[in-house]
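Q: Knowing the structure of chain S, use the given hints to seat chain F on it.
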Amino acid sequence: MRTQLSELERDALAEAFNLALGEAAASFADIVNEEIRVTVPEVEILTRKELVQRLVDLPTARDNPTLCSISQTFHSADAHLATETLLLFPERGGLDIVRRMLGDTSTPLEHVSELEQDALGEIGNIIMNSCMSSLANIFNTEMIGTLPGVERVTPNDLFKQHGQSDVVLVARIGMSLSSQNVTGYVLFLMDLPSLANVIKLIQRFFDLPEDDESR
Amino acid sequence: MHHALEALELGIIVLDAMGRIELCNRWVSERARLSDTVVGLDLAEAFGTAIDPRLLQATVEALARGRSSRLSHAFHPMPLPLFALRGPTTERIHQAVDVLAVSRGEGRQCVLQIRDMSETLRRESMLKQQSLQLAEELARLRQTQDELARQSLRFKEMARLAPVGLFETDMQGRLTYCNDRGLEMLGLDGPQDLGRNWTHALSAAAADALHQRWIAATESATRLNEEFHIARPGQEERWLRLEAGPIRDSAQAPVGFICTLMDVTDLQQRAQHHEYRANHDPLTGLPNRARFEQRLHAALAGAQRLDSHLAVVYLDLDGFKLINDQYGHAAGDVILQTVASRLRKHLRGDDMVARLGGDEFALLLLEAPDEPDLDQLLGKLSKTIHMPINLPTPEANVRVHVGCSMGRALFPEHGQTLEDLLAHADRAMYEQKSAHKRAEV
Chain S
1 MRTQLSELER DALAEAFNLA LGEAAASFAD IVNEEIRVTV PEVEILTRKE
51 LVQRLVDLPT ARDNPTLCSI SQTFHSADAH LATETLLLFP ERGGLDIVRR
101 MLGDTSTPLE HVSELEQDAL GEIGNIIMNS CMSSLANIFN TEMIGTLPGV
151 ERVTPNDLFK QHGQSDVVLV ARIGMSLSSQ NVTGYVLFLM DLPSLANVIK
201 LIQRFFDLPE DDESR
Chain F
1001 MHHALEALEL GIIVLDAMGR IELCNRWVSE RARLSDTVVG LDLAEAFGTA
1051 IDPRLLQATV EALARGRSSR LSHAFHPMPL PLFALRGPTT ERIHQAVDVL
1101 AVSRGEGRQC VLQIRDMSET LRRESMLKQQ SLQLAEELAR LRQTQDELAR
1151 QSLRFKEMAR LAPVGLFETD MQGRLTYCND RGLEMLGLDG PQDLGRNWTH
1201 ALSAAAADAL HQRWIAATES ATRLNEEFHI ARPGQEERWL RLEAGPIRDS
1251 AQAPVGFICT LMDVTDLQQR AQHHEYRANH DPLTGLPNRA RFEQRLHAAL
1301 AGAQRLDSHL AVVYLDLDGF KLINDQYGHA AGDVILQTVA SRLRKHLRGD
1351 DMVARLGGDE FALLLLEAPD EPDLDQLLGK LSKTIHMPIN LPTPEANVRV
1401 HVGCSMGRAL FPEHGQTLED LLAHADRAMY EQKSAHKRAE V
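Protein chains in written order, with our numbering: chain S, 1 to 215; chain F, 1001 to 1441.
Mixed in with the good hints, there may be bad ones.
Said to hold, decoys possible - Anything over 10 Å on all C-beta distances counts as not near chain F; from chain S, calculated:
1) SER27
2) GLN72
3) GLY174
4) LEU177
5) GLN203
As the list claims (entries may be wrong) - Covered by chain S, according to a simulated footprint, are these stretches of chain F (three or more residues, beta-carbon under 8 Å):
6) 1059 to 1068
7) 1293 to 1306
To be verified - Partial chain F-side listing against chain S, Cβ under 10 Å, derived:
8) LEU1071
9) SER1072
10) PHE1075
11) HIS1076
12) GLN1113
13) THR1120
14) GLU1124
15) LEU1127
16) LEU1132
17) ARG1150
18) ARG1154
19) LYS1156
Worth flagging that the hints you see were computed from the coordinates, not collected in a lab. Note that CB positions come from ideal geometry on N, CA and C, so glycine has one too.
Looking at chain S on its own, in the form it has when it is part of the complex (with noise of 0.2 Å):
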């Protein structure tokens, strides 16, 4: 059962969300005056240990290692994939992009407010559901979501509710908005065979070149 991804594979697939992420930029688009950009440089599967690291080692991590979460759920309409994904990124940087994007650049509060809170959800929702769509259309199937939903937490602890498996799917991304840029992951967390499935499926539709099944 495969679990890791060629580089071949790796960068269609980064490719795949990229294009699917023009879609998130223009939904900023309409909300806010300003141009904000979201790329994937890079997707790859990490262990649970090797993403705790890469969250551990973020560069504003060392003073403030406090991370916003956003989670969804999605699930195939037959019932038989089904992922949850996450988009982290410093809870610092999210404020600062959102308090951006609302122009509010006075508020010495240094935690997130309800409505700011709410506000995030929107924002990961958008950049989500576009991840998404890329791999809803990679699946050949429908991927139906539910609402986001918004926490703080610690890298250490951010496996201590989720994931059953040890290797996850991760996309960097980076968000930039005028002067303000911004580092996070979104994570696809599934069981291992989803995951093998995942990247049949992915090989499929880029013309990759299979693996033979008896490996």
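A: Below, chain F without anything else, positioned relative to chain S:
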């Protein structure tokens, strides 16, 4: 419709697969001021065209692709035309709408959840205002802190450079601060002396005396001005002047003292010097007339009380004027100084020789010997005055002689009062002087 939906404090609209309203609860219809049922209409038909396009788009996506969307209040303040229950229809209420995609068997449905955000908005606005106020106060506090830090630095520099000692104590006199100069003046070492009484290095007697005065000052919370001396090992004695004033807290209660110390040794010395000069003849160093009379007055009081004797002798130099004229004032000075020192040498400690002025001297002899001894003493003095005196002239080895005339007055025989005794001695002296003059001729 299920009665629970009607009881919700939340707006619910359910759209069927074609986007037509299947259900719209009371919460929504009340606020949308709907007169007729809207079941079967699509959103635009039911609510008019003034709906946030993003909301319409979200419903389409939910039904077509199963996507759920959140329309946060922050980005979409009032997507639907909903109004407050009691109030004008000019302003929409603040809303947040969630669009949920739901599978229903083979088909799809879309549920809209609408929340009234007015209360949340109000709460957050208040919090924001409060936090802004706090931030301002914090900024002001920081400014004050900075100013304080600057002042403290200024003070430290001044305290370091000032030629006075500066220290602070609690009400008991224990040091809470002392500048370097102060430590040096008080004979203290440094940081380890904080907490000790500031008089720690003074002599026990001085410390005690100051302690008494200190207590009096603390009780009345008044200023303290004291002079005291301190002798540090290996150094000469210094005189210090202390000025202390109470420090008060915000309730005006005294909590300690702030003190300055000045080294007044020089001032003291000068004062002593002036006093000396006021009472002594500068040329010979002998006590002057004022001092002589002062001593005589006191000695008389003592002699009267103790029923003892004393003698006063007036002494005038003979031929002094001639030598002065012949050899000059410098020579005259030398003669006077020589006579003064000769007289001093021949008298006992308690007796006094004074210069009254010109070539006039006076002696106060306590424990007056009886007449024969007195005669002997005066004879000796006369002889010693007669001895040659070397003069500082350009010619080498000029030696002169002076004589003297003396007049004595004994207490109590020749008078009881100062005036009487002096008069008697004066008369006696003139008699002898006249006798000498007559003898010369």
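Q: Determine for every hint whether it applies to the structure shown.
A: These are the hints, each one checked on the structure:
Not every beta carbon of chain F lies more than 10 Å from that of S/SER27, the smallest distance being close to 8 Å; the non-interface claim is violated. Distance check for S/GLN72 against chain F: the nearest CB is about 7 Å away, which does not clear 10 Å, and the non-interface claim fails. Distance check for S/GLY174 against chain F: the nearest CB is about 21 Å away, which clears 10 Å, and the non-interface claim stands. Non-interface status of S/LEU177 relative to chain F is upheld: no Cβ of that chain comes within 10 Å, the nearest being about 14 Å off.
No beta-carbon of chain F is positioned within 10 Å of the beta-carbon of S/GLN203; the least distance is around 24 Å. Three residues within the 8 Å Cβ limit are the bar, and the stretch 1059 to 1068 of chain F against chain S gives 5, so the coverage statement holds. With a threshold of 8 Å between beta carbons, the proposed coverage of the stretch 1293 to 1306 of chain F by chain S is violated, since 0 of its residues qualify and at least three are required. Contact between F/LEU1071 and chain S, as hinted, is supported at the beta carbon level, the nearest pair being about 7 Å apart and thus within 10 Å.
Restraint check, F/SER1072 versus chain S: the minimum CB separation of about 4 Å is within 10 Å; hint holds. A cut of 10 Å between beta carbons decides the hint on F/PHE1075: the least distance to chain S is about 5 Å, and the hint holds. Restraint check, F/HIS1076 versus chain S: the minimum CB separation of about 8 Å is within 10 Å; hint holds. At about 8 Å, the closest approach between the beta carbon of F/GLN1113 and any beta carbon in chain S falls short of 10 Å, and the interface hint on this residue holds.
Because the closest C-beta pair between F/THR1120 and chain S is about 6 Å apart, less than 10 Å, the hint holds. With a least beta-carbon distance of about 5 Å to chain S, the hint placing F/GLU1124 at the interface is held under the 10 Å criterion. Evaluation of the F/LEU1127 hint against chain S yields a held restraint, the C-beta minimum of about 7 Å falling below 10 Å. A cut of 10 Å between beta carbons decides the hint on F/LEU1132: the least distance to chain S is about 7 Å, and the hint holds.
Taking 10 Å as the C-beta cut-off, the interface hint given for F/ARG1150 is violated, the closest approach to chain S being about 26 Å. Taking 10 Å as the C-beta contact cut-off toward chain S, the hint placing F/ARG1154 at the interface is violated, the least distance being around 32 Å. The interface hint given for F/LYS1156 is violated, since its Cβ lies 34 Å from the closest Cβ of chain S, which is over the 10 Å cut-off.
When held up to the earlier numbered hints, the structure conflicts with 1, 2, 7, 17, 18 and 19 and fits the remainder.
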